[in-house]
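Student: Next come the chains, spelled out residue by residue.
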Amino acid sequence: MEKYIFFFLSGLAVFSALMVLISRKPVHSVLYLILCFFAIAGHYILLNAQFLAVVHIIVYAGAIMVLFLFTLMMLNLNIVGEVRKSVLARVAAVIAGGLLLVTLVAALKGLNLSTSLSANTQIGMTSNIGKVLFNEYMFPFEAASILFLSAMVGAVMIGKKEEEEEMTNVQMTNDK
Amino acid sequence: MVDTIQLMPISYYLSLCSLLFAIGVVGVLIKRNALVIFMSIELMLNSINLLLAAFSVYHNNAAGQILVIFIMVVAAAEVAAGLSILVVTYRKNNSIDMNLLNQLKG
Amino acid sequence: MNTLVALVPILPLLSFIVLGLNFKRLPKVVTSLMACGSVLVSFVLAVVLFFHVKEAGTAVNVTLFEWLPTASSSMGFSFVVDPISSLMILIVTGVGFLIHVYSIGYMFNDEGFNRFFAYMNLFVFSMLVLVLGSNYLMMFIGWEGVGLCSYLLIGFWFKNHDYNNAAKKAFIMNRIGDLGFLLGMFVLYYQFGSLDYQTVFAKATLLESGNMTLTIATMLLFVGAIGKSAQIPLFTWLPDAMAGPTPVSALIHAATMVTAGVYMVVRSQALFVLAPTTLMVIAIVGIITALFAATIAIFQNDIKKVLAYSTVSQLGYMFVGLGMGAFTGAMFHLTTHAFFKALLFLAAGSVIHAMSGEQDIRKMGGLRKAVPITWLVFLIGTIAISGIPPFSGFFSKDEILLHAFEHNKIIWVLGIVGSLMTAFYMFRLFFLTFAGTFRGSDTQKHHLHESPKSMTVPLAILAILSVFGGLINIPGVFGGSSELHMFLSPMYSAGKEVIVEVSHSTEILLMIIAVLGAIAMIAFAWFRFVKMAAIPISNDAKRPLFTNLLYHKYYIDEVYAFLIEKPMLWLSGILHWFDVQIVDRAVNSLGNSILWLGTKARPLQTGNIGFYMIVMVLSIVAFMVFGLMI
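Here the protein sequences come in this chain order: A, B and C.
Using the working numbering, you'd call the opening residue of the first sequence number 1 and step up by one each time.
Using the working numbering, you'd call the opening residue of the second sequence number 1 and step up by one each time.
Using the working numbering, you'd call the opening residue of the third sequence number 1 and step up by one each time.
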């Protein structure tokens, strides 16, 4: 049973990932990526990592991808459409990616992995994760929160219009 | 709630994640749209996340899943900063074409 | 007594420092008082020291501090006051003081008044270090110091480019001599392991006469003297040095600095008597210089140039005396020459002052009425230098000629000829300046005036010294006891003193020959320039061949330019070419090649982020492949 679900989810993930690249419109890419993320969330559930699955959906599908869509709409980028790279560049890119895949597989194949097919799967439960997180990883957790804060401030700072720019804009409108 | 689950061999996960990662890399390389490049990067991060979670389960060690959470945090921060840079770039060039970002030229 | 010795050079130094630091602010009165006062106090101290040495008969050694201690010996920053240095400090501070006083009047309206006195004090300090130093290193410090001051003072009016060139010329020519002096010091140190006079002389007396090392050392030292004392072939700087203010010419280029070479040879008498070859060379160089300069002086028309060549000629006489072993005679002539040549220069300065800066004697004449005091003192100086008894020049020159007669008749004859020429050109100068009618412009004539008291009083004192200076060493033939000789004789290394044994009748005969010849030459000069009222022709006029040669100073400067300057410039040109074409090119092409490499490598940095990323991915692949292969 799990085997079929695994292959179905894998196929869905790979397909939607490919479609992210293939689709011409950015909006379609975003939507396919969300689909891909859902497939990955399915994988998490399959691994009995329920907390991760939920967080994944909330953070990625809910927050990040919405942010992408929001940017897309705000900048009205969909109309700009796709400026594609030259054929040569694309071929080179695909070859490079393919080479990476081949070497990755070749590298991982050499690993001698003891595969236990059944395992205690309670570690992915929310309570368990919470205990580990707040006992052993307290400091990184707090650090991550500071990182978040700084990222927020940074985003505001970068995205903010420069004051001179504003001034000139105001002047220009006044002139008009 | 089941106590034990039937697990796929770890090599399956390895293959899947390698494939997703490679697709992400190719996406970064062939796209000129900065937004799509960002998405490809997210794809790569997710493939890593999945692999970490898989190993965490296989090794019966919660640390891997904790790491996934941190990666998500970093990814979210990265997207927030990255997208604001994107907005600034757009405001400046009226485009988010990566080829216009050639100010690093020597 | 020790403190007094140290104070003698330190006072002018202090005055120099104060003046040098404040030369734009101090009022002229303060400057004059300080500059002259410090030298005056030094002079008083020098007198005290002189009599102390005369009474006690021993030298006073003062070591201020150990300067260069080495394993085998130690070079102290030390002074020695013995007969010869006490005599020298008397001359330096005494004549120096008079010239300082004179300078107050002469330089009063010059904007560089304070700077002038600062330099003069520095010069007095350097000269005192030179003569007081108790080893060759100290002498070298002073030697260089006076060279520097000479440079600074020749180029005192530095806005005139020619003056600057004259200063450079003097400095460079001195450097050539200084190099010889330095090498001589090295040889001495190599041979004796010390530069201290006492040690060196004590060890030198153990060597036999004609020792090769000593000959080399003394030759090199003499090269230094050639440069400093303006002998052939390094004499051309001295006439050009007349670019400086006249008191400078009097103090540095007549009375003191140029005699440093003579002083050095007398000081090193113990070495030189052991090197007969060097003494012969000194005598030959001296007599050639004396004649050479005298012949040039006959045809010069610049009042200071005539005196300058006369100085060169008289220095030549001193070296003849040294070469003939008449060390006392040379010192004697040095002393009297300091008096009468300083007098002549200062009197010439007074004339120039009266003539509003005019130096050409063809435009003078008949100045006797206008400047009577100057006329009188100039006459005294001229008689003294011409060797008419009982003026001072007669005695000192006579002593040198006597030694020459004793040792080498040829040099004696040449010496007599030179002294006759001296009488002629000096009286030519005198008559052209003071006799006849005034030949200058009306404005100059209107402006003619006697100099102020501060100038005439030193002139008077120097005139008195020029008249009676000879009395310090009256030879036995006139009932004297050669006091200077007695005073200096402890200096000479035992048994090496050259004693002249000539009968009194011969001595008197020689004197009569010299004096009669001089009087004849004076008469000739009178006949030609007063009776016939001949005036030297203008610069561009055609001259007979020989006269032309003399007028242009034997074309020495031109010969030097051709023989030394041209090849040097040619060599410099080649080296310059080498530097620009080879060295610079090598360096530049190295830089250019890096630049070229950079331009070629630049396209690698396309600035295209996509390109960077693909390179990054491929690099990762390459690393992984590499890792797999291991």
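Treat the hints loosely; a few may be bogus.
[What the hints assert, rightly or not] Using C-beta positions, here's what the derived DEER-type ranges look like:
no., chain 1, residue 1, chain 2, residue 2, range
1, C, L597, A, F148, 42 to 48 Å
2, C, L597, A, V66, 22 to 28 Å
3, A, Y4, C, Y612, 17 to 23 Å
4, C, L628, A, F148, 37 to 43 Å
It is worth saying that the hints were derived from the structure and are not from the lab.
Don't be surprised by glycine CBs; every beta carbon is placed ideally from N, CA and C.
Student: Next, verify each hint and record whether it holds.
Tutor: Against the structure, the hints:
1. C:L597 - A:F148: 42 to 48 Å: holds, 46 Å
2. C:L597 - A:V66: 22 to 28 Å: Distance hint for L597 (chain C), V66 (chain A) is violated at roughly 51 Å.
3. A:Y4 - C:Y612: 17 to 23 Å: Violated: the Cβ-Cβ distance is about 42 Å, outside 17 to 23 Å.
4. C:L628 - A:F148: 37 to 43 Å: The hint (37 to 43 Å, Cβ to Cβ) holds, given that L628 (chain C) and F148 (chain A) are roughly 38 Å apart.
Consistency note: the structure conflicts with the earlier hints numbered 2 and 3.
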